[in-house]
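Chains as they are written, first to last, in this note's numbering: chain A, 1 to 411; chain B, 1 to 344.
The hints are simulated quantities; they were obtained by calculation from the structure and are not laboratory data.
Worth double-checking, as some hints may not be accurate.
Unchecked claim - Some chain B residues judged to face chain A by a derived CB distance under 8 angstroms, without partners named: (1) Phe3; (2) Tyr14; (3) Leu115; (4) Cys163; (5) Pro165; (6) Glu243; (7) Ala245; (8) Thr249; (9) Ser252; (10) Ala285; (11) Ile332; (12) Arg334.
Cβ atoms here follow ideal geometry from the backbone N, Cα and C, with glycine treated the same way.
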Amino acid sequence: MKFAVQLVAAAAVLACAQGAFAQQGQTVKMVRIDAQTGLLGPVGVNQLKSYQFFAEKFSGAGNPAGVKFEVTGIDNKLSPTESLNALKAAIDGGARYILQGNGSSVALALSDAVTKHNERNPGKEVLYLNDSAVDPDLTNSKCSYWHFRFDADTSMKMEAMSSFMETQKDIKKVYILGQNYSHGVQVAKFAKETLGRKRPDIQIVGEDLHPLAQVRDFAPYIAKIKASGADTVITGNWGSDLSLLVKAANEGGYTGKFFTYYTGVTGTPSALGTNGTGRVYQIAYNHYNMGGQMDKWMTEFKAKYNDDFYTGSIIRIYQTLGAAMAKAKSTDPVKVAAALEGIKVSSFNGEVEMRKTDHQLQQPLYMTVWQKADKKYPYSPENTGMTLAPLKEYPNYVSSTPTSCQMKRPS
Amino acid sequence: MEFFIISMLNGLSYGLLLFMLSSGLTLIFSMMGVLNFAHASFYMVGAYVGYSASQIVGFWPALVIAPLVVGALGALFERIALRKVHKFGHVPELLVTFGLSYVLLELVQLIWGRLALEFRPPEILQGPAFTLINHSINGLSVLWGVAPAEMCSAADAAVRVVCSPFPATRGFMMLVALVMLGSVWLLLTRTRIGLVIQAALTHPHMVESLGHNVPMVFMMVFGAGAALAGLAGVIGGSTFLTEPAMAATVGSIIFVVVVVGGMGSLSGAFLASILIGVIQTFAIAFDYSVMSLAQQMGVPLSAGASSNSLVKLTLSQIAPILPYLFLVLILIFRPKGLLGTREG
Chain A
1 MKFAVQLVAA AAVLACAQGA FAQQGQTVKM VRIDAQTGLL GPVGVNQLKS
51 YQFFAEKFSG AGNPAGVKFE VTGIDNKLSP TESLNALKAA IDGGARYILQ
101 GNGSSVALAL SDAVTKHNER NPGKEVLYLN DSAVDPDLTN SKCSYWHFRF
151 DADTSMKMEA MSSFMETQKD IKKVYILGQN YSHGVQVAKF AKETLGRKRP
201 DIQIVGEDLH PLAQVRDFAP YIAKIKASGA DTVITGNWGS DLSLLVKAAN
251 EGGYTGKFFT YYTGVTGTPS ALGTNGTGRV YQIAYNHYNM GGQMDKWMTE
301 FKAKYNDDFY TGSIIRIYQT LGAAMAKAKS TDPVKVAAAL EGIKVSSFNG
351 EVEMRKTDHQ LQQPLYMTVW QKADKKYPYS PENTGMTLAP LKEYPNYVSS
401 TPTSCQMKRP S
Chain B
1 MEFFIISMLN GLSYGLLLFM LSSGLTLIFS MMGVLNFAHA SFYMVGAYVG
51 YSASQIVGFW PALVIAPLVV GALGALFERI ALRKVHKFGH VPELLVTFGL
101 SYVLLELVQL IWGRLALEFR PPEILQGPAF TLINHSINGL SVLWGVAPAE
151 MCSAADAAVR VVCSPFPATR GFMMLVALVM LGSVWLLLTR TRIGLVIQAA
201 LTHPHMVESL GHNVPMVFMM VFGAGAALAG LAGVIGGSTF LTEPAMAATV
251 GSIIFVVVVV GGMGSLSGAF LASILIGVIQ TFAIAFDYSV MSLAQQMGVP
301 LSAGASSNSL VKLTLSQIAP ILPYLFLVLI LIFRPKGLLG TREG
């Protein structure tokens, strides 16, 4: 008994002595809950590899807090129900940081579940770091204190995309095609709203929603788009829903423009090939020719996995998390969450800020176009010989959008 | 007009792919009375075997090898599993094929992985088979192969030219399905083997006492049905996608085809698959909803009713569930199917 008391006392002294650097050398266990199988599996697999690749880069001396990052993945088959089971498994396994990105339907379910878990289990809180789900509701009507988004939401992307379309006078008739779930619905809503504001002369000639990751054959949709006379298609489709769409467009001889979110993502570069030069656009928070350190990382990633790295938000997650842990001097999610609010970090393209009111990362956006890779823009995804060349950068003040979030903060 | 033709061709080619799949299913059902739940899995295995074979020997030999391999697998399964449970009745037969579908899915994932494969059709099938050119002055014309770019654009802005290429893969799919329909029909009605098969169906004991090996006949029929699914797999896999979920996505729809066409009726399956393919393709083209219909008929809707999401649902959005709606209607009003002979 006496010995035990001594031990506790000694431990307390030690803890005090370490003081400021209590978090140093600790391991931060993170679990990514995302699709690793099925039609949209290749995207999830690529991103899990990206997480693990950058966990090595940012561990230890790679971050100001000196912690070690460790990422494992659980396959959720893109189903919100499976994701909730996965969340439980992850928490039971000791993870306090949950990562997810693909599917806003999953993101909404996870954000809700994490919030409830934290209410019911004080002292065992978990944080949800969202790398790619872009439904604006997540940082507006359904915002949560425990959710942080590192991608740019649809309202931001559409703001930038419509600003670009404002300058393209040859766009007259637009067709909006999307996946039938929260994300596709929001893309259509914000596309109509922002275009109505900036280019009221543009006619929306058609609008369609198709089932998510179910359609193998987009030829009927392409026939419909052609019949509508649209010169431009706006789509938030991703994964196979985008690659099969552009494949059908090539086969069906559609020659209009495509304004997309995810042209650079697994599968679509191969499906496009040399077709679509100068006609396929992408709005995103990074692109394949950022230069500097990013170039070296992408080359190394490609050499290691024979795959392309495109989810830049992963880098930002590690950077902001490291900074927040150093600021909080802890890896405890409650303290880290408080430190994350309003944090400013210098990232691969300047300073980004995690806005306090809604936990939406404020960041510049880029409009890029599909064209032949050249000396200036050399990086070629999926060895297609093509690249996404930047046309215009939209700084934070253009892409930033207001929020209606009224967050419940822990007292 | 070119929209109608292209959509019709899209619908027909999809319908014919469904027929390739359901013909094997309906053949097995009509001959043996076995509802083969693993049929779509044979389709998937066909695509994967075709993919692997095409990596080694090229696409055209693979088109022959894959159905043979799948057919042999089917025959083997009939010999070692299905025949053993045959004497216990139809439910055990159904369950054993149901189990097989899971085993095949897991095996395919173990061997080829869980992600979609890049199964490219051969060079000759990659371009368009023909191009429809709709010229606002010269009218509609057809050109074999790719239309040169200058024919698809008009110098004069007032002239509207639309080029609609039709992919060769789809043309090939239609061709194979029609050849298959013809040869299966000829085999069953015009050859000696066909006569024995038909006789074995209704009078197995008589046929047996005439010196024919009836179990052997059943094994051949099951193998042939699986081989047809395998052939459809090679073509479907290279035209659309080769991935583990491909069995699940067509699995339910081919049962719709078989039920709608009439259990065990080859011509019924043909009619139903064409019907479903065309309906599904054309439904996507129409944006009619209850709301737009009401507006056209001059029925005023209240503000609450017009913001109801059910009322706003368009035909194009419900296109994927239309076949199943069709199935329910057929089961209610004509349980024996369109061309079926036996009652429900």
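Comparing the hints with the structure gives:
1. A least Cβ separation of about 4 angstroms between Phe3/B and chain A falls short of the 8 angstroms threshold, and the interface hint therefore holds.
2. The closest approach between the C-beta of Tyr14/B and any C-beta of chain A is roughly 7 angstroms, which is under the 8 angstroms cut-off, so the hint is satisfied.
3. The interface hint given for Leu115/B is met, as the beta carbon of that residue sits about 5 angstroms from the closest beta carbon of chain A, less than 8 angstroms.
4. Interface hint status for Cys163/B: upheld, as the beta-carbon distance to the closest one in chain A is roughly 5 angstroms, under 8 angstroms.
5. For Pro165/B, the interface hint holds, the least distance from its beta-carbon to any beta-carbon of chain A being 4 angstroms, beneath 8 angstroms.
6. The beta carbon of Glu243/B comes within 6 angstroms of a beta carbon in chain A, closer than 8 angstroms, and the hint placing it at the interface holds.
7. Nearest Cβ of chain A to the Cβ of Ala245/B: about 6 angstroms, under the 8 angstroms cut. The hint holds.
8. Hint status for Thr249/B: holds, given a least beta-carbon distance of 7 angstroms to chain A, under 8 angstroms.
9. The beta carbon of Ser252/B comes no nearer than 12 angstroms to any beta carbon in chain A, farther than 8 angstroms, and the hint placing it at the interface is violated.
10. With its C-beta approaching chain A no nearer than about 5 angstroms, Ala285/B sits inside the 8 angstroms limit, and its interface hint holds.
11. Evaluation of the Ile332/B hint against chain A yields a violated restraint, the C-beta minimum of about 26 angstroms exceeding 8 angstroms.
12. This hint is violated: Arg334/B has a C-beta 28 angstroms from the nearest C-beta of chain A, more than the 8 angstroms allowed.
Going through the hint list in order, the structure does not satisfy hints 9, 11, 12.
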